[in-house]
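Novice: The residues making up each chain are set out below.
There are 2 protein chains.
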Amino acid sequence: MIRNILSAAISALILCAYGCNQPETDNDMCDKSAMQPDGIVRLSKIKVHPEYLEEYLRYAVEVGTTSLETEPGVLTMYAVADKEDPCNITILETYASAEAYRSHIASEHFQKYKQGTLHMVDSLVLDDVTPLNPDNRIINFIDRK
Amino acid sequence: MIRNILSAAISALILCAYGCNQPETDNDMCDKSAMQPDGIVRLSKIKVHPEYLEEYLRYAVEVGTTSLETEPGVLTMYAVADKEDPCNITILETYASAEAYRSHIASEHFQKYKQGTLHMVDSLVLDDVTPLNPDNRIINFIDRK
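Chains A and B are the protein sequences, given in the same order. Numbering of the first sequence is given in the working numbering, commencing with residue 1018 and proceeding in unit increments. Numbering of the second sequence is given in the working numbering, commencing with residue 1018 and proceeding in unit increments.
Don't read these hints as lab results, they were simulated from the structure. One or more of the hints may lead you astray.
Intra- or inter-copy, both count: the list cannot distinguish identical chains.
Each computed DSSO-like pair below joins lysine-lysine, with the alpha-carbon atoms no more than 30 angstroms apart [stated by the list, open to error]: (1) LYS1162 <-> LYS1100; (2) LYS1162 <-> LYS1129; (3) LYS1131 <-> LYS1162; (4) LYS1100 <-> LYS1062.
Just so you know, these numbers come straight off a predicted model, no measurement behind them.
Make a model of the complete structure from these sequences and hints.
Specialist: What follows is the structure, encoded as structure tokens:
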């Protein structure tokens, strides 16, 4: 039963990811934009000062969740920490267009994260990347079950 | 119409990703296993000798596609190249379990890639990682349209 509900919610979400409007689902994800030629795929590499790690993670999870759930042009926001050194964070970010990226960095939730964590971040590298196989697709969502 | 077919195929795929068996779809993706406690999320970082880059990419796309389409325990295999230096490749790999990983590296397609590209690879770093938010989910598939 739970699986059926979850599947229905995700199926509707997937439909949204392909650009059509759908009724609201149990999932809090917004409709998503289609990837445009000026879309961005990026690996953001962040080194956090160890004394702020716990606090930083709260900010990072919050901004990632809000961005993914509420911004049509934020297609992925998947953040991971190295097991060997959890202060090394990598985020796979995908923006549907350059405009979607500008909208993201202007958003209240991103500015809260950015200003709130400036003193916690030791280094930040933004590596824009190209998927090797254009047919290799990712759908990224928050599963609130 | 195409969108509907694609959506139906992907919806079926999503159902598969949550562990149930589904009829075949237009998509060539196999049923997927559920993530287990000993599952692995990894960033593999590969530096390729420039003179072999083109040939390496063919191997990498082939093994990624085959792994994702045919291995139930390979949940993501998303490879990207740095725009600034395309010889720097990063692959987001997710294995449903330690056994799924062992099965992957024992597979014929992986061994073809591994043995075929040994002389092309300058360095290889396997960084096991932990997603910051356990509710942040990725579904990865090959879209053959």
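Novice: Take the hints in turn and mark each one as holding or not.
Specialist: Structure-based check of all given hints:
no.	hint	verdict
1	LYS1162 <-> LYS1100	within (26 angstroms within a copy, 37 angstroms between copies)
2	LYS1162 <-> LYS1129	within (27 angstroms within a copy, 40 angstroms between copies)
3	LYS1131 <-> LYS1162	within (29 angstroms within a copy, 39 angstroms between copies)
4	LYS1100 <-> LYS1062	both (15 angstroms within a copy, 15 angstroms between copies)
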